[in-house]
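K.L.:
Listed below, chain by chain, are the residues.
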Amino acid sequence: MTRIEELVKEQAEKHGRQRTSLMPILQAVVSSERYLSEDAMVAIANELDLSTADVYGTASFYTFLDTVPRGKYIIRVCKTITCHMKGKDEIIKTISDMLKIKLGETTNDRKFSLLQANCLGWCHKGPVMLINDEVYPEVTPEKVTEIIGKYLKKS
Amino acid sequence: MEKQIKKVDLIFGKVDYLDILEKSLKRTRDELILDVIDSGLRGRGGAGFPTGLKWKFAKNEEADQKYVICNADEGEPGTFKDREILTEVPEKVLAGMALCGYCIGATEGYIYLRGEYNFLIPSLNKAIEDFHKKLKELKLDFTIRICSGSGAYVCGEETALMESMEGKRGEPRNKPPFPTSQGYLGKPTSVNNVETLVFALMIGREGPTKFKEMGTFDSRGSKVFSVSGDTPNPGIYELELGMTLEQFVEEFGDGDTKAVQVGGASGFCVSRKEFKNTVIGFEGIPTGGSMMLFNSSRSMFNILNDYLEFFEEESCGQCSPCRVGCQQLLKGIEAVKKGIKPPKYLEELQKLSDTMRIASKCGLGQSVPNPFNSIVNNFREEIIY
Numbered sequence: 001m002t003r004i005e006e007l008v009k010e011q012a013e014k015h016g017r018q019r020t021s022l023m024p025i026l027q028a029v030v031s032s033e034r035y036l037s038e039d040a041m042v043a044i045a046n047e048l049d050l051s052t053a054d055v056y057g058t059a060s061f062y063t064f065l066d067t068v069p070r071g072k073y074i075i076r077v078c079k080t081i082t083c084h085m086k087g088k089d090e091i092i093k094t095i096s097d098m099l100k101i102k103l104g105e106t107t108n109d110r111k112f113s114l115l116q117a118n119c120l121g122w123c124h125k126g127p128v129m130l131i132n133d134e135v136y137p138e139v140t141p142e143k144v145t146e147i148i149g150k151y152l153k154k155s
Numbered sequence: 156m157e158k159q160i161k162k163v164d165l166i167f168g169k170v171d172y173l174d175i176l177e178k179s180l181k182r183t184r185d186e187l188i189l190d191v192i193d194s195g196l197r198g199r200g201g202a203g204f205p206t207g208l209k210w211k212f213a214k215n216e217e218a219d220q221k222y223v224i225c226n227a228d229e230g231e232p233g234t235f236k237d238r239e240i241l242t243e244v245p246e247k248v249l250a251g252m253a254l255c256g257y258c259i260g261a262t263e264g265y266i267y268l269r270g271e272y273n274f275l276i277p278s279l280n281k282a283i284e285d286f287h288k289k290l291k292e293l294k295l296d297f298t299i300r301i302c303s304g305s306g307a308y309v310c311g312e313e314t315a316l317m318e319s320m321e322g323k324r325g326e327p328r329n330k331p332p333f334p335t336s337q338g339y340l341g342k343p344t345s346v347n348n349v350e351t352l353v354f355a356l357m358i359g360r361e362g363p364t365k366f367k368e369m370g371t372f373d374s375r376g377s378k379v380f381s382v383s384g385d386t387p388n389p390g391i392y393e394l395e396l397g398m399t400l401e402q403f404v405e406e407f408g409d410g411d412t413k414a415v416q417v418g419g420a421s422g423f424c425v426s427r428k429e430f431k432n433t434v435i436g437f438e439g440i441p442t443g444g445s446m447m448l449f450n451s452s453r454s455m456f457n458i459l460n461d462y463l464e465f466f467e468e469e470s471c472g473q474c475s476p477c478r479v480g481c482q483q484l485l486k487g488i489e490a491v492k493k494g495i496k497p498p499k500y501l502e503e504l505q506k507l508s509d510t511m512r513i514a515s516k517c518g519l520g521q522s523v524p525n526p527f528n529s530i531v532n533n534f535r536e537e538i539i540y
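Line by line, the protein sequences give chains A and B. Residue 130 in the numbering used here is what sits at position 130 of the first sequence, and the numbering runs on without skipping anything. Residue 234 in the numbering used here is what sits at position 79 of the second sequence, and the numbering runs on without skipping anything.
For the record, the hints were derived by calculation from the structure and aren't laboratory data. Don't take each hint at face value.
To be verified - Cut-off 30 Å, straight-line C-alpha distance, at most; resulting in silico cross-link-like pairs (DSSO-like, lysine-lysine): (1) B:Lys294 x A:Lys14; (2) B:Lys281 x A:Lys125; (3) B:Lys493 x A:Lys93; (4) B:Lys342 x A:Lys14; (5) A:Lys125 x A:Lys154; (6) A:Lys14 x B:Lys323; (7) B:Lys169 x A:Lys125; (8) A:Lys125 x B:Lys431; (9) B:Lys281 x A:Lys72; (10) B:Lys323 x A:Lys72; (11) B:Lys486 x A:Lys93; (12) B:Lys431 x B:Lys161; (13) B:Lys161 x A:Lys125; (14) A:Lys93 x B:Lys428; (15) A:Lys9 x B:Lys281; (16) A:Lys14 x B:Lys289; (17) A:Lys125 x B:Lys413; (18) B:Lys281 x A:Lys150; (19) A:Lys14 x B:Lys291; (20) B:Lys281 x A:Lys14; (21) A:Lys102 x B:Lys288; (22) A:Lys154 x B:Lys281; (23) B:Lys428 x A:Lys125; (24) A:Lys14 x B:Lys288.
Let's have the full structure, built from the sequences with the hints guiding it.
P.N.:
Rendered as structure tokens:
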């Protein structure tokens, strides 16, 4: 059994093997691996007795269930209207310059991915970004430099 | 003398929610549902279906299992009140769910929480754990679990939400059957917005009359507004319904408000000249709470462009009018802006958007024409030049 198969099995034991367990299992794999590899999706299909097409079809529907490799820390900057008005472009430029990656890219060491997201629900405190599940409202280029700096020091 | 905007404190005030529940449980389900119907409470997520009727339909169904779902998939741009409610008074939401469960005869409840709010899960789980203990004391059989979303706006549509909970792509279903007869796992289900559930609880305490006295004939009570954009006071406010946009802008504008987007990206854009005649509510322009203010420094082309990009990405792609329509509207306004297409091409696009309203399967595609037509009609020159 490969490591990913073990992870999937463990999650299936925890959440059950019904169709309703699919989302929690997909989410758990993404949270541990940062994305759903082909191997992971095949393992999930086998474990839940679903077709692989069904698993891929479900996974690929959801923005947060990535099917391409992402970094350990996924940065999602809100791009919707009020955050746009309040300067999300500057925030993206600052992060982009710091990490030397463009939007949609992942650093070579697989530590960071930089993405945009649709409305994150903090319009009164924009611009806002998520790093994995952590939320950072009212960011400025200075604040963002500090925040990313802290993550750079993390392992 | 014009009515002043009245601030209300039903949602965020701390209350003895157990006492409300305990007293409610001594009354019959029919009495409680009648109170909610009588109060005139309508769904606070945006669609505005009468809450009491929804509960009544779900109650009247015969089934071995029924479900209560709290819709916390707050994805409408400009809306952030449900997050605040779940942060500040989660116990009131849970109590509202339990009340609904008692009324319709459901023993299981789910909170469908958008993935963007995953950071709330630890505190919510703690609140749920405490609440379950309290329910034991009240001897009410009701359990609540959290289902997490994964970043799909369309899952706020109740049937898409249930598809997602069932482990599928979040594609809206055909209606009928409505969720109150065949919802989650095919069982009768009442899907209510976070705020609606808290209001239902508060009606259980205050009785329907006090709630009904506020607001207008079509829009009873108060509503939590999410105020953002060009305003000195962005934030969350609970206000009595029935004010005009002029009153609203007087309170929240920065003195140079050119337009207000009422009801989020899927709502309507109202220009300055219409502020006076526009009532915020179901008789005027309804809103799930999103109020975005724009001053004269903003380009309405950019705003419309942002909205269309949003819808183009969030359309589930299941039905062609919405999938293709969103793409074409976006391409179309860009072409007009660049001069590739003549200004009268906007009329063609408006025809397309009218088709989307008629032919799209769910509220997403059906409401794209709201921002599109209202911005194009009010700010035509900004789209062209």
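K.L.:
Does each hint hold? Answer for all of them.
P.N.:
Going through the hints against the structure:
1. B:Lys294 x A:Lys14: holds (28 Å)
2. B:Lys281 x A:Lys125: holds (26 Å)
3. B:Lys493 x A:Lys93: Between B:Lys493 and A:Lys93 the Cα gap is close to 26 Å, so the pair holds against 30 Å.
4. B:Lys342 x A:Lys14: holds (25 Å)
5. A:Lys125 x A:Lys154: holds (26 Å)
6. A:Lys14 x B:Lys323: Given that 30 Å is the threshold and the Cα spacing comes to 19 Å, the pair holds.
7. B:Lys169 x A:Lys125: holds (25 Å)
8. A:Lys125 x B:Lys431: holds (28 Å)
9. B:Lys281 x A:Lys72: holds (27 Å)
10. B:Lys323 x A:Lys72: holds (26 Å)
11. B:Lys486 x A:Lys93: It holds: about 26 Å lies between the C-alpha atoms, which stays within 30 Å.
12. B:Lys431 x B:Lys161: holds (18 Å)
13. B:Lys161 x A:Lys125: holds (24 Å)
14. A:Lys93 x B:Lys428: Violated, at about 38 Å.
15. A:Lys9 x B:Lys281: Distance of about 27 Å is within 30 Å: holds.
16. A:Lys14 x B:Lys289: OK: A:Lys14 and B:Lys289 at ~26 Å, within 30 Å.
17. A:Lys125 x B:Lys413: Holds. A:Lys125 to B:Lys413 sits at ~21 Å (cutoff 30 Å).
18. B:Lys281 x A:Lys150: holds (29 Å)
19. A:Lys14 x B:Lys291: holds (25 Å)
20. B:Lys281 x A:Lys14: holds (20 Å)
21. A:Lys102 x B:Lys288: Violated, at roughly 50 Å.
22. A:Lys154 x B:Lys281: holds (29 Å)
23. B:Lys428 x A:Lys125: holds (29 Å)
24. A:Lys14 x B:Lys288: holds (23 Å)
Taken one by one, the earlier hints fail for this structure at numbers 14, 21, listed in ascending order.
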